[in-house]
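Protein chains in written order, with the UniProt record's numbering: chain A, 1 to 229; chain B, 1 to 229.
It should be emphasised that the hints constitute simulated quantities derived from the structure, not laboratory data. For glycine and all other residues, C-beta sits at the position ideal for the given N, C-alpha and C. Incorrect hints may appear among the rest.
Which residues of chain B face chain A? A partial, calculated answer using Cβ under 10 angstroms [claimed, not checked]:
1. Ala87
2. Tyr128
3. Glu224
Label pairs and their calculated CB-CB ranges [said to hold, decoys possible]:
4. B:Gly137 / A:Lys112: 18 to 26 angstroms
5. A:Asp94 / B:Gly137: 17 to 25 angstroms
6. A:Glu61 / B:Leu43: 26 to 34 angstroms
7. B:Met39 / A:Gly193: 29 to 37 angstroms
8. B:Glu76 / A:Lys217: 48 to 56 angstroms
9. A:Gly193 / B:Asn200: 56 to 64 angstroms
10. A:Pro100 / B:Val206: 35 to 43 angstroms
2 protein chains.
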Amino acid sequence: MIRLISFDVWNTLLDINVMVENLVKALSELLGVPENDLMQKILETREEIKKIRKSQSGSPEKALEESQELLARALEVDVEIVKRAVAKATLTVDESILLPGVKETLKELHGKYIITTTGNVMFWPSAYTRLILEKFGLADYITKQFYSDEIKAYKPMREAFLAPLKYFNVSPEEALHIGDTKAEDFEGALKVGMYACWINPEAERVERIHERGFVVKSVKDLLEVLPQI
Amino acid sequence: MIRLISFDVWNTLLDINVMVENLVKALSELLGVPENDLMQKILETREEIKKIRKSQSGSPEKALEESQELLARALEVDVEIVKRAVAKATLTVDESILLPGVKETLKELHGKYIITTTGNVMFWPSAYTRLILEKFGLADYITKQFYSDEIKAYKPMREAFLAPLKYFNVSPEEALHIGDTKAEDFEGALKVGMYACWINPEAERVERIHERGFVVKSVKDLLEVLPQI
């Protein structure tokens, strides 16, 4: 029986494209540089970091610092510009950052399950992700939030998934993690014995692809998956 | 000749009472508890932490985490409530958080000096302080911001004052630090060989009280002090 549902944040609850667009706008204002040039560098740096994480070769304690430095170097600016830009972006994002159906789904699950976020941190600190979840009303439906810069472990590291389970004294088979990155979210959760949902927007329908794993189109499909467990 | 001016943030640039009032309001909403009860506990916990810092006996790496845990314990709540409340407070503070004359003074000094912040972090991460400085237009006049949760050293530790000096290759006697806490700001800066201004709102006038130290009423008095160095 599932007692805890863990949500990845970016591209699961919140639209990372909205955040990155606002980040690009902020950098463009600060640097007086056209937005096109900047978007490319951000996406490239992001891919670079995702590779490092997949192989778990990045330092968990310094992950945020190193990601910001990598981006600063790619943009050829002082890291202070990156810090200012992520603050500006956090100030300017609007409600379009909420992915469709997310609030309604969390409302539905709230009170019936322990609801957590298990999030990796890249160019901005978890404090800004917390602030956005607070600003647009999602934090009300989350029991406790866990982030890599606070717990010093990032998905797919085991500790990232186990920290919430230990906190709430829940065993892996009583927990489900849902997220959009196959290696970080889906495989990482399965490896520690949890149930897992992989969000693939191109999937045609909800499908069981592992003893404990499902592919879904969005978080809304949780309401279809949970009765099957 | 002064090349770098370092500013404490809370009660030097920004009014901490405005932040704490908004924090109390947020806690009150989250807990359904009257505001009066909460203010007392916040102030007591704050005094406790300031004593720990004065004797430099708190761990620099875990300072934010430990301060939030201390407050959570004093309020008898999960630390998640503290994290949510500081996020809410950051969202609700208005322009009254800017202390009088601060923006005009920074504008005046900008471009003539390297301007830094050297801030200790207590109940909320530096990311929120950065966001507030960005939101109300002060970040435009600051060359680079330094905070204890990022540099892993808090005032009055030497490293907290030396980090900006090392970054900009400025020697202590070419730098001035201004802040409102006598031990953390004034004595800490003097000890590493910098000039120092102590903000005492009850001072009657600007006065030299040390070879390298002045007492002032607010940051505006910097414009009176700097020509004397």
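Going down the list of hints, with the structure as the test:
Restraint check, B:Ala87 versus chain A: the minimum CB separation of about 4 angstroms is within 10 angstroms; hint holds. With a cut of 10 angstroms, the hint placing B:Tyr128 at the interface with chain A holds, because the nearest CB-to-CB distance is about 6 angstroms. The beta carbon of B:Glu224 comes no nearer than 29 angstroms to any beta carbon in chain A, farther than 10 angstroms, and the hint placing it at the interface is violated. For B:Gly137 and A:Lys112, the hinted distance range of 18 to 26 angstroms is not satisfied, since their beta carbons lie about 45 angstroms from each other.
Distance hint check: the CB atoms of A:Asp94 and B:Gly137 are about 21 angstroms apart, consistent with the given range 17 to 25 angstroms. One distance hint, 26 to 34 angstroms for the beta-carbon pair A:Glu61 and B:Leu43, holds here, with the actual separation near 32 angstroms. Checked against the given bound of 29 to 37 angstroms, the beta carbons of B:Met39 and A:Gly193, roughly 46 angstroms apart, lie outside it. Roughly 42 angstroms separates the CB atoms of B:Glu76 and A:Lys217, a value that falls outside the hinted 48 to 56 angstroms.
A beta carbon spacing of about 60 angstroms between A:Gly193 and B:Asn200 agrees with the range 56 to 64 angstroms that was offered as a hint. For A:Pro100 and B:Val206, the hinted distance range of 35 to 43 angstroms is not satisfied, since their beta carbons lie about 59 angstroms from each other.
Of the hints listed earlier, those the structure fails to meet are numbers 3, 4, 7, 8, 10, in rising order.
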